[in-house]
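J.: Okay, here's what each chain looks like letter by letter:
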Amino acid sequence: MAELTLVEAVRAALGRALEEDPKVILFGEDVGIDGGVFRATDGLVQRYGFDRVRDTPLSEALIAGMAVGAAAHGMRPVAEVQFMGFIYPAIDQLVNHASRLRTRTRGRLTCPMVLRAPYGGGIHAPEHHSESTESMLAHIPGLRVVVPSSPARAYGLLLAAIRDPDPVVFLEPKRIYRALREDVNDDGTALPLDQAFLLREGSDVTLVTWGAMVVETLEAASALAGRGIQAEVIDLATLKPLDTATILASVAKTGRCVIVHEAAMTAGLGAEVAAQIAERGLTSLLAPVRRVAGYDTVMPLPRLEGRYMPGAGRIVLAVEDAMAFA
Amino acid sequence: MRKHMASFEIDCTAYLNADGAPLGDLPDFAGDTETVVALYRAMVRTRAFDTKAIALQRTGRLGTYASCLGQEAIGVGAASAMEPGDVLLPSFREHAAQLRRGVTPVESLLYWGGDERGSDFAGPRNDFPVCIPVASQFPHAAGVALAMSLNREKAVAVAIGGDGSTSKGEFYEALNLVGLWTLPAVFVINNNQWAISVRRREQSAAKTLAQKAIAAGMPGEQADGNDVIAVRDAVSRALARAREGAGGTLIECLSYRLGDHTTADDARRYREDEEVKAHWKEEPIARLRAWLVAEHGWSKTDEESLLRGAADEMDAAAEAYLATEPEQAASMFDHLYETLPGDLTTQRAEVSDG
Ligand SMILES: Cc1ncc(C[n+]2csc(CCOP(=O)(O)OP(=O)(O)O)c2C)c(N)n1
Ligand SMILES: [Mg+2]
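Residue numbers (numbering that gives the first Met the number 0), protein chains in the order written: chain A, 0 to 325; chain B, 0 to 353.
Honestly, I wouldn't trust all of these hints.
Partial list, derived from the structure: chain B residues whose beta carbon lies under 10 Å from chain A [said to hold, decoys possible]:
hint: 1; residue: Pro128
hint: 2; residue: Cys130
hint: 3; residue: Glu152
Derived coverage of chain B by chain A (criterion: at least 3 residues anywhere in the stretch with Cβ under 8 Å from a Cβ of chain A; other residues may be distant) [what the hints assert, rightly or not]:
hint: 4; region: 111 to 124
hint: 5; region: 340 to 350
Think of the hints as simulated: they come from the structure by calculation, not from any bench. Just so it is clear, CB atoms sit at the ideal spot from N, CA and C, and this is done for glycine as well.
Please take these sequences and the hints and turn them into a complete structure.
T.: As structure tokens, then:
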């Protein structure tokens with residue numbers, strides 16, 4: 000057992016996958032000697048060689064498309080897009096190929112690939128380095144979209160993603176890459192790719208979130224506890240498929256739900272969660288579902304970034320609002 | 000001071016002129032009657048397929064279809080040079096290559112008739128299905144080639160795209176990588192002079208499309224795409240190079256789209272009949288036939304029985320295709336993931352026919 004940060008857990012899972020399956024290959028921009036700009040692949044090229052850990056040219060569409068080709072021809076590629084802000088040329092390959100190769104060949108060719116990308120704001124990064132557009136990806140049938148929010152979950156979910164027979168987009172919340180350390184047992188145990196995690200139990204309100212916002216959401220839950228409000232906190236972790244059962248069970252218990260995400264409000268994944276509750280859990284609701292999300296604006300540059308990102312304060316206000324509804 | 004830094008040349012391979020007369024010495028395989036007759040048969044078979052597909056579409060029994068009329072030599076030449084263990088990654092127009100690789104006419108009709116099972120080829124199991132998003136097959140070919148080289152397969156990934164596809168970023172990105180990593184991939188361009196209504200010269204100011212390889216640090220060359228012997232020869236040389244570990248090649252095959260872009264297109268809106276008529280004089284099948292008659296004893300009876308056999312085969316294929324029942328509606332869920340996520344079982348149940 001070792002105390003690892005989230006980015007170290009990613010690296011441990013990548014190392015484990017390379018170790019256990021000779022079909023696993025890593026490629027992306029600067030993933031070799033440099034170890035990736037966040038060091039997620041640090042030391043792997045030294046251990047596994049240039050054949051299996053490759054620096055690619057600066058070509059995101061190629062990175063994704065090459066992963067499709069290699070996966071369909073028997074490999075287990077784990078490709079990295081350096082920042083989510085540059086994933087868009089790769090989305091063509093995800094929408095038009097990775098997600099549908101199994102369907103369109105009736106299972107003859109499959110696409111067991113992982114596309115990793117650091118995402119999200121709050122680290123005062125340059126323009127285009129802070130957005131959260133995960134709902135675009137969660138909208139694509141045939142893909143899985145996974146977001147870890149702790150070192151242990153990063154390790155287990157990434158291993159599961161690599162072993163999964165279908166394409167997975169693995170979005171790493173870079174704001175918490177090094178935020179905390181946690182015991183991670185590097186024993187190759189994977190986590191399920193279709194289950195949300197209950198991070199805190201409570202009876203008054205359900206807080207649904209994922210990625211780095213787990214930090215603010217747990218902070219809000221502690222603050223609320225001080226005021227006698229018991230919040231249940233769910234980390235969705237797998238944005239696609241969505242574990243609606245866990246959400247509905249919690250809302251059935253609490254009767255209130257506040258969804259927290261960093262991504263812009265409109266057509267964000269929170270809308271889907273709210274719709275699921277409206278369709279299947281309406282009778283247990285004691286108050287309207289609330290969303291605390293990024294604004295529907297262009298993500299501001301670092302000076303105003305803090306005003307854009309939902310903080311614990313906004314979450315507390317939304318919960319108090321829900322509690323006051325009669 | 001200015002120094003000269005680089006220069007390049009682009010060659011074009013051609014063996015038979017438009018009348019089927021040899022332009023010089025032919026490659027060895029051209030002396031083997033069985034081989035060249037097989038090339039001819041494959042082209043005729045492709046044209047019979049094309050004719051049947053268009054007839055089915057015109058009578059409402061097939062979806063939108065992209066004819067390969069006049070470009071049969073490219074697919075046949077390329078596919079006939081390939082080994083079974085190679086992988087073909089075709090665009091939507093490369094029926095010639097697919098049929099030659101062993102995709103059956105029934106499978107292809109199923110696909111163009113709107114049934115996914117048409118891409119579950121019984122024959123070339125590792126070949127890719129047709130690629131409709133232009134140029135997106137080139138990165139796949141790079142990935143397949145990477146897998147082949149890591150697995151020491153001695154196989155080659157062969158992607159075919161159109162002249163228009165060479166304007167796309169994905170073409171350049173993949174070409175760049177094949178050059179950089181000396182991957183076993185051959186990119187064949189079917190330059191049929193048109194990308195829907197946009198002429199080749201409106202697509203790029205480059206004198207040849209083949210020279211785009213030079214910037215990627217790999218060889219590029221042209222072949223007369225109406226001369227199946229030239230295509231096969233150029234692709235064979237490229238495949239041999241790739242198999243030796245010497246890397247990829249870009250081969251631009253010069254041909255002409257004698258038909259509409261697809262059955263949904265009306266090419267008279269943007270090009271003159273005169274132009275098309277002139278290009279009929281260069282089409283690949285008549286040219287090879289003239290040479291076979293002159294050099295390989297191809298007779299009128301041979302010709303008649305080939306045409307009849309091909310037409311019969313396509314009639315039977317059409318019947319088999321039309322007799323195939325659609326899949327159950329729930330099948331749209333059955334290959335989405337290896338195991339259907341629980342949240343989709345309700346949706347699946349909704350369309351289940353019971
Ligand atoms: C990325 C993309 N853009 C546009 C289209 C629509 N489209 C289909 S075929 C085509 C022209 C392709 O020309 P070319 O590459 O020369 O191939 P050809 O059709 O001549 O075989 C276009 C624009 C498409 N399928 N994919
Ligand atoms: Mg064209």
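J.: It remains to establish, for every hint, whether it holds in the given structure.
T.: Comparing the hints with the structure gives:
{"no.": "1", "hint": "Pro128", "result": "holds, 6 Å"}
{"no.": "2", "hint": "Cys130", "result": "holds, 8 Å"}
{"no.": "3", "hint": "Glu152", "result": "holds, 9 Å"}
{"no.": "4", "hint": "111 to 124", "result": "holds (count 6)"}
{"no.": "5", "hint": "340 to 350", "result": "holds (count 4)"}
Figure legend: structure checked against the earlier numbered hints; every hint is met.
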